[in-house]
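The task is to assemble the complex, starting from two chains supplied on their own in separate frames and drawing on the hints.
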Amino acid sequence: MGQVLKKILIKLVWVGVVFLGITVISFWVIHLAPGSPTDLQTTLNPEAGVEARLQLEKLYGLDRPLHVQYVGWLKRLVRLDFGQSMSGDHRPVWDKIKERLPLTFGMNVASLILTLLIAVPIGVAAAWWRGGAFDKISTIVVFIGFAMPGFWLALLLMLWLGIAWPILPISGLTSMGFSSMSGPEQWWDVTKHLILPIFIYTSGSWAGMSRFMRSSMLEVLRQDYVMTARAKGLSSRIVLFKHALRNALMPVITILGLSVPALIGGSVIIESIFSLPGLGQLFYQAVMARDYPLIMGSLVLGAVLTLAGNLLADVGYGLADPRIRVGQGRNR
Amino acid sequence: MKHRPLKRVSPWARHALLVFGALIVGVMSFGAVFAPLIAPYDPNFINVDALLLPPGAAHLMGTDALGRDVFSRVLYGGRVSLWVGFVAVGIATSIGVVLGLIAGYFGRFVDEIIMRGVDVMLCFPSFFLILAVIAFLEPSLTNIMIVIGLTGWMGVARLVRAETLSIRERDYVLAVRAAGAGTRRIIFRHIMPNAMGPVLVSATLGVAGAILTESSLSFLGLGVQPPDPSWGNILMEGKEVLGIAWWLSVFPGLAILLTVLGYNLLGESLRDLLDPRLKQ
Numbered sequence: 004m005g006q007v008l009k010k011i012l013i014k015l016v017w018v019g020v021v022f023l024g025i026t027v028i029s030f031w032v033i034h035l036a037p038g039s040p041t042d043l044q045t046t047l048n049p050e051a052g053v054e055a056r057l058q059l060e061k062l063y064g065l066d067r068p069l070h071v072q073y074v075g076w077l078k079r080l081v082r083l084d085f086g087q088s089m090s091g092d093h094r095p096v097w098d099k100i101k102e103r104l105p106l107t108f109g110m111n112v113a114s115l116i117l118t119l120l121i122a123v124p125i126g127v128a129a130a131w132w133r134g135g136a137f138d139k140i141s142t143i144v145v146f147i148g149f150a151m152p153g154f155w156l157a158l159l160l161m162l163w164l165g166i167a168w169p170i171l172p173i174s175g176l177t178s179m180g181f182s183s184m185s186g187p188e189q190w191w192d193v194t195k196h197l198i199l200p201i202f203i204y205t206s207g208s209w210a211g212m213s214r215f216m217r218s219s220m221l222e223v224l225r226q227d228y229v230m231t232a233r234a235k236g237l238s239s240r241i242v243l244f245k246h247a248l249r250n251a252l253m254p255v256i257t258i259l260g261l262s263v264p265a266l267i268g269g270s271v272i273i274e275s276i277f278s279l280p281g282l283g284q285l286f287y288q289a290v291m292a293r294d295y296p297l298i299m300g301s302l303v304l305g306a307v308l309t310l311a312g313n314l315l316a317d318v319g320y321g322l323a324d325p326r327i328r329v330g331q332g333r334n335r
Numbered sequence: 076m077k078h079r080p081l082k083r084v085s086p087w088a089r090h091a092l093l094v095f096g097a098l099i100v101g102v103m104s105f106g107a108v109f110a111p112l113i114a115p116y117d118p119n120f121i122n123v124d125a126l127l128l129p130p131g132a133a134h135l136m137g138t139d140a141l142g143r144d145v146f147s148r149v150l151y152g153g154r155v156s157l158w159v160g161f162v163a164v165g166i167a168t169s170i171g172v173v174l175g176l177i178a179g180y181f182g183r184f185v186d187e188i189i190m191r192g193v194d195v196m197l198c199f200p201s202f203f204l205i206l207a208v209i210a211f212l213e214p215s216l217t218n219i220m221i222v223i224g225l226t227g228w229m230g231v232a233r234l235v236r237a238e239t240l241s242i243r244e245r246d247y248v249l250a251v252r253a254a255g256a257g258t259r260r261i262i263f264r265h266i267m268p269n270a271m272g273p274v275l276v277s278a279t280l281g282v283a284g285a286i287l288t289e290s291s292l293s294f295l296g297l298g299v300q301p302p303d304p305s306w307g308n309i310l311m312e313g314k315e316v317l318g319i320a321w322w323l324s325v326f327p328g329l330a331i332l333l334t335v336l337g338y339n340l341l342g343e344s345l346r347d348l349l350d351p352r353l354k355q
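Protein chains in written order, with the working numbering: chain A, 4 to 335; chain B, 76 to 355.
In isolation and in its complexed conformation, chain B is listed as follows (with noise of 0.2 Å):
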């Protein structure tokens, strides 16, 4: 699906998009890092002189329903975002990693028992798994990582295993074995790393989908629970008061569009400038 490059234009064309990428991501990873100094109001501060007050001087992004700061609240709702990111992603990399790893080094019968966990995996609509695992367990911000994380790795395994695939017949390999490294050693120190490209991608485009996903939860009510804010659940406060408070609305919603955008322009970028195949 995304395989070809953006274009064959000039490289700088290439970069423009991934110096793009970078400095969304950029921005809304400092501004939920430093949300505590940046954020004029506690994102929680309940003000009744200040209900549904639309966009101005004194509240960037007008109030919602209690009175609370959008602004503030979208900022913090930055930090639950970039959070839900890297720890999911973090959580499905590894799994898929370590059973790719397994699954195209030794072959076979592990890797049949393997990749038939993946098709199986795959065939879960995963939405309606986390929300169905949701709907078990608490939903609390945990719980939706962990499960982000445990129904997204079957991507990775796939790309690995096939990297591995191929890695393990090098010769370097061959010479590794020779001088007589064990089987851990040659599969997480001399395979591993040289399969880590596609990785890199995978992963942040990951993190653009775990966004997403937290999001949708969020607005669904089976995320992260209110007071606390997250860009989704301001969303399903916005829901409420859509017709006489537009605000609630947009903001976060732009929020989520713009870092989403970023991580996957980010994620493009990285793999054209990692696989060599692409660079004709």
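The shape of chain A in the complex, shown without the other chains (with noise of 0.2 Å):
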């Protein structure tokens, strides 16, 4: 048990120095604008004026030597008090943000569930028939849909589905006359409004796991005890599923892991793109008006929830590889 307290430690001191670091990046940045913040002179943006300079002084102390204002704006954070919007409606950055979440964070996992299930079958097969058609053919299409830009792949969608042969609507989350619908109706309106936003979450993603989950199956289709399955006499089917698999699978958590950054970028485009009035949309309109606080905000957020992703991930590695278990000397 000591070996585990000890591992547990040292991941905690990782992440607190990790968070840290985090903060330290994103107050660099906000020092990046246009010369100093407090200098009106030189605010070149009519957006930002004597108001915006106020409420960026009181944020951060502007005033007070630097670590000093780090600290003040370390502690508001730890509180998630990331000050006001300072566009329209001058609200809490935090409240903005928390009513943006549940859309981004629900279309995510449902591209992430989308990805395993396109990506998973691809991966499996091209390795189990390494060298045939299929993996030939999947290899052709994985490449193509690695160099596909999502953006564009939306704009061609909503060209074809939304235009041409219009049987999706191509932007918002409801159709007019939303509210006068019965719930089921509106459950329909929703769902068909975002076929399209998490096809194209998935056509970022499922190319890289499947070519992932390829290399694993093959790399555990070479173990010894692959062999031992087969040759015992196992039918092909058992040592694919029982055996290989399993195993084959588990690497795919840490991937999971560490594709949540990526999930979050890809959300400013195609929340921007369908009009979702997202996570991403949310930055995206913050970016355009330079709501400092806004950015802020949401930059620190989207790092947290990378951090985040990665701690999962690993606890989550620990939890399904026994190998990694009885390494840390539990079952020892």
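A few of these clues could be false.
Simulated restraints on C-beta separations [to be verified]: (1) A/ARG79 / B/PHE109: 51 to 57 Å; (2) A/LEU12 / B/PHE263: 37 to 43 Å; (3) B/PHE109 / A/ARG249: 53 to 59 Å; (4) A/VAL144 / B/LEU349: 24 to 30 Å; (5) B/VAL94 / A/ALA136: 19 to 25 Å; (6) B/VAL316 / A/ARG79: 42 to 48 Å; (7) A/VAL74 / B/GLN300: 37 to 43 Å.
Okay, the calculated bits of chain B under chain A, using three or more residues with CB under 8 Å as the criterion [to be verified]: (8) 208-216; (9) 283-295; (10) 302-314.
Just so you know, the hints here were simulated from the structure itself, not pulled from any lab data.
These numbers come from a predicted model, not from an experiment.
Glycine residues also receive a C-beta, built at the ideal position from the N, C-alpha and C atoms.
Here you go:
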């Protein structure tokens, strides 16, 4: 147990250090603002006027020494106080972010599930029939999938399914007259609006994932215990699904955790193309309006979510892989 | 993710991908470099008599809402992509190589600091970070290249560090040190050249990534600013007239797809060629 505790402690220290690093870099980004944010004369942006300057000063205490500013900002950060949005309604940044999170989170989870459902069978089949026709064709398709810019695919699909053969809505989350629809109708309406965006999300990740699955599977198929299972005379199906697949899936957990930043980044483009009221769109609007507190809040949140994703992946991997548990000395 | 060979078939098939990738990259680079000679029109020439013309003999890829020739704009857009790709990757690779060498060679405390820095940078959704920085600076070609470069060095640093860790233990390094070579000489003259194989691969793939990032930024209006053409901002204009002028949305995207595909094929084939461990 002592060793486990030590590992957990080291991990916690790592998380703390990385979190501090995240805040330092974010804080540094704030000071990239043209000239000094306090210097009204050099503020070229009309939208960041007097009022904005006062707000920034209050939020970061810009008249005080740098380290004092940083500590003050950090203290508020821990309380989820990112200050107030500079544009429009002047509501607290955290409130604005909070109401946008569920949509982005939901779309990401849906697309992750879809990615797994598509990529795992393709990867497994390509590895099982390595060098065969399926492997070759899927390799070509995967390369094209890698190179496909998501926003371009979105334009093409909008052109095709939204305009040439209009069966899907291409903008927003709900249709007109949404409030007068019945419950199931509303549900179906939202679903229809989300089909294309989730498809685009998935198009950005299935290629890499299936490639990863294929190499992970090839690695496992080379192992001695697979050879043993085959030598025992077990059927291919049992070897594949009972022995190989379970082990090949393990590294996928790590990749899921590592794909969080790409998903968050992708949400900016996808949500602004489809006019979806999610976190990505909020961030894009904040960038366009130079709403500094909102930009900073989203940036820090994005990084913290990534950190959480990495941690979850680590924990998940530890739980799933008995070798790691044994390695920690629990079952010895 | 991409550590296995494409497939274990005849060497010819692998080279076929290499040749195909090199061909795409070659044609695209040629078009970009010689754009002023190839382009039939000035990319920014506004012709009010030729608004939104579909592709035809006079305008191979049609014209946009201001009557500008899309083919010429795509050619000139290729210059932006090529330039961004190489400069951004140059910046990222230089930072990554130097930090990776230092971390791997000195180990311990230095290594710990640099690798935690890598962890921190990897936590930022890079597109978020790039957008945030661009929002604080002005969106210009130079800023984009620098920001893409500054947010893309972590993978290279990890690669080079791993290579350095194994190379520094080799006998020849010991011999060089015994011969009295200084630290800097050992690192840059004797370790670095031997760690460059994987760097070349990751740089090639990095060009593809940088081109995608730049076109996404320009598509959002935060990259290359109109009237200067880039594939991303032509697509942004195409989105406005999606229903009436498909050609504005199709051709620049095709250019991105092909170019990125070309660099990816080239990178993957180079990986197979350079990595002896994969030759079984």
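Here is how each hint holds up against the structure:
At about 55 Å, the CB distance of A/ARG79 to B/PHE109 agrees with the hint of 51 to 57 Å. The hinted range of 37 to 43 Å is satisfied by A/LEU12 and B/PHE263, whose Cβ atoms lie roughly 38 Å apart. Roughly 55 Å separates the CB atoms of B/PHE109 and A/ARG249, a value that falls within the hinted 53 to 59 Å. Judged by the Cβ atoms, the range 24 to 30 Å given for A/VAL144 and B/LEU349 holds: they are separated by roughly 25 Å.
In this structure, B/VAL94 and A/ALA136 meet the distance hint of 19 to 25 Å, their C-beta atoms being roughly 22 Å apart. A C-beta distance of roughly 45 Å is found between B/VAL316 and A/ARG79, which places it inside the suggested range of 42 to 48 Å. A C-beta distance of roughly 38 Å is found between A/VAL74 and B/GLN300, which places it inside the suggested range of 37 to 43 Å. Remark: the stretch 208-216 of chain B is confirmed as covered by chain A, as 6 of its residues place a Cβ nearer than 8 Å to a Cβ of that chain, reaching the required three.
With 6 residues having a beta carbon nearer than 8 Å to a beta carbon of chain A, the stretch 283-295 of chain B meets the requirement of three or more and the stated coverage holds. For the stretch 302-314 of chain B, the assignment as covered by chain A holds, since 3 residues bring a beta-carbon within under 8 Å of that chain's beta-carbons and 3 suffice.
Hint violations for this structure: none, all hints satisfied.
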